[in-house]
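Chains as they are written, first to last, in our numbering: chain L, 252 to 418; chain B, 1176 to 1671.
What the hints contain is simulated information worked out from the structure, not anything from laboratory work. Be aware that a few hints might be false.
[What the hints assert, rightly or not] Now the stretches of chain B that chain L is said to cover, found in silico as 3 or more residues with beta-carbon under 8 Å: (1) 1224-1232; (2) 1283-1296; (3) 1340-1352; (4) 1540-1551.
[To be verified] Which chain L residues stay away from chain B? Per the calculated CB distances, all over 10 Å, these: (5) Leu287; (6) Pro341; (7) Leu351; (8) Leu378; (9) Trp386; (10) Thr390; (11) Ile396; (12) Ala398; (13) Ala413; (14) Ile415; (15) Leu416.
[As the list claims (entries may be wrong)] These stretches of chain L come out as covered by chain B in the derived footprint (C-beta under 8 Å, 3 or more residues): (16) 269-278; (17) 301-315; (18) 399-410.
Even glycine gets a Cβ: it sits at the ideal position worked out from N, Cα and C.
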Amino acid sequence: MATTTPRSSSRARTLGAYAPMLVLLLLAGLSIEEGLRLLLTVDPAAQAGMAGWYVLVLGVVLALTSAFAERPSVTEGTGDSADDEPAASPSRRRDLLVCLALVAAYAALLGTLGYVLAGVAVVFVFLRVISGYGWVRSTVYTIAINAVFVALFELSGVVLPAGILRF
Amino acid sequence: MGLSELLAGFAEVFQPQVLLLAFLGCLAGTMVGVLPGLGPVSAIAILFPLTAYLGPAAAIVVLAAIYYGAMYGGSTSAILLKIPGEVSSLPAALEGYPMTRRGRAGTALAIAAGASFVAGIVGTIGVWLIGPHLAGFALEFGPPEMLGLVLFSLTAIAGLSSGSVVRGIGMAVAGMLLASVGLDLTSSQQRMTFGSLELMQGLDIVPVMIGLFGVAEVLRTLERGTPVAQAAKVGGFLPTRDEFRRSAGAAGRGTVTGFLLGLIPGMLPSTTTFLSYASERRRAERKGNSRFGQGAVEGIGGPEAANNATAMSGFVPLFSLGIPTGPTMALIMAALMVYGVVPGPTMFTSDADITAAVIASFFVANVILLVLNLPLAGVWAKIARVPYGVLGPVILVCCGVGAYTARNSVFDIVVCLVAGVAGWAMGKRGLPVAPFVMGFILGPMLELSLRQTVAISPMSLVESPIFLCFAAAALVSVWVAYRLHRKGVEKVDANA
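Please model the complete structure; the sequences and the hints are all you need to start from.
Shown next as structure tokens:
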């Protein structure tokens, strides 16, 4: 497996170099398609023509600028690309993924569990998994941080979902 | 807005409750500002939910205090710990930290605070004097003139705040496209929603901004790790007579250039700060007594003044024209709209009482920060040493709550998450964020004025001298940015 690592790393780097251009071209393609849909398929009586032209023109401009300015041959050596940066270590990459999962979990839990329990869950997992604190310290910090949150949000009148605690 | 309105604004601000809010805003802003990696934009993004349920005037006072506090806080951590909270605090770190190592941190802090204070007060007077006149001029604007103004702002920001003009324009267009998601206001047709009910309501600016500047910052910090801050001794605050003379001159020059340049869209505080630093350095080298790199007080006073003056002058186009000059102003603009205040010429007419209170609060916030910062410098240094392991979850929950409170929608937290990933990826790939944010904010304005212009008559464009002036200015800004970029590339090639 060791022999495949450099090749797969170089392939990942190539894909990474093309990623901005591809994402922007995808957005451009979607807007061109949307512009054409509004222009060609919507009843002219709905007066969606201008709405269609707007996204169509923006899509074309985005496609042209992305194809021109985001090619790796253009961005290379400008100092703008992060290719020269050392790659993040696996543990840091794991931290990033856990962090993203925590924001998603917060969105999922906020409505059902309420802001107190959702906050407790997110803060505790962050402290335990990403910050690497022990059980006791994580628990104490979680309680302290969430007590401050509850006090602040209650004092400032921020209305958040109460969830199952009805609080 | 005359003196009587401003005095009425002071009467509003001097009410104990508003004064307390301004104080708490300064305190909270400074606390966030001193933390490594967090600047004014992040501070506003993180603390926004706490202001969402205040009245418009009080909320803007708090927000402005947070903004100011974060700027002061950024230079404190830069000088004491060599950890600039944001790019514009880098000169303070370069020149202030050598003074800290010599046991003269107090003097560096006093010079930074004094320069920021003078620039803040002069900038506030500038907002008070220039804003109403510019707003009066803007009241004459019809759709073609507005279209010209938005076009100029977009091209200026795209050109000046990114390395490549084409890249900047591309990112501005990407922002405009994302702002167009939702129901078309005229035809009620769905646009870029792809059948999603959630996308029909469009993408709100608040979760997008919180994601781009709050969540993305957490991701960046987790990826690169946090610097370990060493304890620093503050020492005495008084500068010598020579240091005072040199820093006062630099602060004066920084204030004037920072304020004037800050009126131009795309001239971010970070840009004017470095322009001031470079100019002061050249000036010292010409005189043959440069101490830059070893603790030159001009390198602290000039850039700090330029930073604050630019931040202040950004309020002139925001309040009088409804045009933000950079991401921070865009976030403040978004917050103003959440509070029910529409930035633009009417801020000096129908909302004059609120605007007067806000301008008065700028004066008060500057005084509070001057009083608050120096005696508490040691405390700020201790706060800056709070480990990111504890700060991270706090910031993350604040971002989630901030995104939710904008429209009481869980979907907005998902938008915030996606914007956070996008912001992190943009930073990693070197894609400029400022034009993207400006495109997102100004896109709907551009579309509305374009459609109104077409509905009146497309010929109104060539019949409007103001539009033609703005169009010419837009072309000039693109050309200037292109020339600057080419010059930069040629210099790099020559050095290679």
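- Check whether three or more residues of the region 1283-1296 of chain B sit with their beta carbon closer than 8 Å to a beta carbon of chain L. Coverage by chain L is violated for the region 1283-1296 of chain B (0 residues, Cβ < 8 Å).
- Are 3 or more residues of the region 399-410 of chain L near chain B, judged by a Cβ distance of less than 8 Å? With 7 residues closer than 8 Å to chain B, the region 399-410 of chain L meets the three-residue bar; holds.
- Task: Please confirm whether Ala398/L is truly not at the interface, meaning its C-beta sits more than 10 Å away from all C-beta atoms of chain B.
- Result: 12 Å, holds
- Message: Is the listed coverage of the region 269-278 of chain L by chain B valid when you require three or more residues with a beta carbon under 8 Å from a beta carbon of that chain?
- Response: holds (count 4)
- Message: Is the listed coverage of the region 1340-1352 of chain B by chain L valid when you require three or more residues with a beta carbon under 8 Å from a beta carbon of that chain?
- Response: holds (count 8)
- Query: When you look at the beta carbon of Ala413/L, is every beta carbon of chain B farther off than 10 Å?
  - Reply: Non-interface label on Ala413/L holds, nearest chain B Cβ at 13 Å vs cutoff 10 Å.
- Distance rule for Leu287/L, whose beta carbon must clear each one in chain B by more than 10 Å: The claim holds: Leu287/L sits with its nearest Cβ about 12 Å from chain B, beyond 10 Å.
- Query: Minimum Cβ separation between Ile396/L and chain B greater than 10 Å?
  - Reply: The claim is violated: Ile396/L sits with its nearest Cβ about 6 Å from chain B, within 10 Å.
- Query: Is it the case that Trp386/L keeps its Cβ farther than 10 Å from each residue Cβ in chain B?
  - Reply: 15 Å, holds
- Query: Can we confirm that no CB of chain B comes within 10 Å of the CB of Leu351/L?
  - Reply: Violated, because the least Cβ-Cβ distance between Leu351/L and chain B comes to about 7 Å, which does not exceed 10 Å.
- Please confirm whether Pro341/L is truly not at the interface, meaning its C-beta sits more than 10 Å away from all C-beta atoms of chain B. Answer for Pro341/L: holds, closest chain B Cβ roughly 12 Å.
- If you look at each residue in the region 1540-1551 of chain B, do at least three have a Cβ nearer than 8 Å to any Cβ of chain L? violated (count 0)
This entry does not satisfy hints 2, 4, 7, 8 and 11, going by the numbered hints stated previously.
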